[in-house]
Amino acid sequence: MNGVHDMGGMDGFGKVEPEPNEPMFHSEWEARVLAMVRAMGAAGAFNIDTSRFYREALPPAVYLSSSYYRKWLLGLEDLLIDKGFVAAGEIAAGHATNPARPLKRGKFTVDDVERIMVRGKFARAAPAPAKFKPGDRVRARNIHPATHTRLPRYARGHVGVVERNHGCQVFPDSAATGSGENPQWLYTVVFDGAELWGADADPTLKISIDAFEPYLEAA
Amino acid sequence: MTDHDHDHHHHDHDHSELSETELRVRALETVLTEKGYVEPAALDAIIQAYETKIGPHNGARVVAKAWSDPAFRQALLADATKAVSTLGHVSRVGDHLVAVENTQRRHNMVVCTLCSCYPWEMLGLPPVWYKAAPYRSRAVKDPRGVLADFGVSLPRETEIRVWDSTAETRFLVLPMRPAGTEGWDERQLAELVTRDSMIGTGFPKTPGAPS
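Chains as they are written, first to last, in the numbering used here: chain L, 1 to 219; chain E, 220 to 430.
Just chain L, same shape as in the assembly (with noise of 0.2 Å):
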């Protein structure tokens, strides 16, 4: 989606201000939020890609004047309760009043912890040849899909190189909306500087996405 989180080039936003000494949570209630997205997640009830695609439809001024870990609050009630394991009146009441909906992977409980200190794994077998090798030139294509997607409005209609081949992966704009992995390839692909924001662009600057297959056609 054509979101306020897609925020690559755009201007206006100030100083990037790093805060020495910075804690790991600046509150307590941060931590617990990360965990409560961490436990629901791994215990079935969303994959990453449809937790982002949540946190990407919150109303744009939300999104924009919302802490980071306000946004991930915001972003799991919604989800929560769009897929009927929270109702809206039980978190307004601050307690359980209707049934559980069962999870996939049951109840997030203490042995869980260590497996999802383990990166996952979002590789693939391929269903097809790669269509593109390192060295190729390929344009990112013009299209706005409506939902979750992960290829930045700033490199749409524009001319790169593939510079690498990370192999078939799960399709984040497929697994965000439920409608299976549907793995891609997926590639590095490199543009100039110039090629994305004019004659005015820093020379000596070279970009880099990873663009699943879908996202590119060749040049």
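Hints are supplied without guarantee of correctness; some may be wrong.
As the list claims (entries may be wrong) - Restricting the straight-line Cα-Cα distance to at most 20 Å, the calculated cross-link-like pairs of lysine to any residue (SDA-like) are:
hint, chain 1, residue 1, chain 2, residue 2
1, L, K121, L, A42
2, E, K350, L, G9
3, E, K350, E, Y269
4, E, K301, E, D314
5, L, K15, E, D314
6, E, K350, L, P60
7, E, K272, L, E28
8, L, K206, E, G364
9, L, K121, E, D314
10, L, K131, L, V162
What the hints assert, rightly or not - Counterexamples of contact, computed for chain L against chain E with all Cβ distances above 12 Å:
hint, residue
11, G135
12, R141
13, G157
Derived by calculation from the structure, the hints in this document are not laboratory data. Ideal Cβ placement from N, Cα and C applies to all residues, glycine included.
Starting from the known structure of chain L, fit chain E onto it as the hints suggest.
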């Protein structure tokens, strides 16, 4: 109500006041617990694991080894997931780690313009600035301006390569080894490796400079 009661009430109120966000978080956790989806102790354990098991010390160890062991450096650049999987307690990075090397000719910088993708297992949870709009919007268009915000400048002719983490691939920058560290062992070298030097928004510490 007497004055005393009033004061007491006020005192109590100040100490129990929770923000709207805190109340919502508590409410959600209570609901998830009562419905039998999660155990609060499991949430505690997740937080403890993040606080103790991951962090930039993992990435620093990898960088220090690459600086001291040419065969490991080669292996890391060829297949970072495989290379790191040989390193005992920092081995659990899972798939899709890519190491990119800074040289005199090229400086690498990592961003996630769409959200906050970051090599957690190597660097810990990302800092707020990495997840915030100023960095995400400008890194791909004006990386030298972003580096200036960090007090970092590069020679004008150095190529800047910005890696936008748009898939599940995670990038670790292998910074250049600082001069004056000849003969240093991996443990000493690791102390020079900063988090920002592995994102590409900073350099390693220089020997003898105040940390």
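Structure-based check of all given hints:
{"no.": "1", "hint": "K121/L <-> A42/L", "verdict": "13 Å, holds"}
{"no.": "2", "hint": "K350/E <-> G9/L", "verdict": "15 Å, holds"}
{"no.": "3", "hint": "K350/E <-> Y269/E", "verdict": "18 Å, holds"}
{"no.": "4", "hint": "K301/E <-> D314/E", "verdict": "8 Å, holds"}
{"no.": "5", "hint": "K15/L <-> D314/E", "verdict": "34 Å, violated"}
{"no.": "6", "hint": "K350/E <-> P60/L", "verdict": "16 Å, holds"}
{"no.": "7", "hint": "K272/E <-> E28/L", "verdict": "18 Å, holds"}
{"no.": "8", "hint": "K206/L <-> G364/E", "verdict": "15 Å, holds"}
{"no.": "9", "hint": "K121/L <-> D314/E", "verdict": "6 Å, holds"}
{"no.": "10", "hint": "K131/L <-> V162/L", "verdict": "11 Å, holds"}
{"no.": "11", "hint": "G135", "verdict": "17 Å, holds"}
{"no.": "12", "hint": "R141", "verdict": "14 Å, holds"}
{"no.": "13", "hint": "G157", "verdict": "16 Å, holds"}
This entry does not satisfy hint 5, going by the numbered hints stated previously; all others are met.
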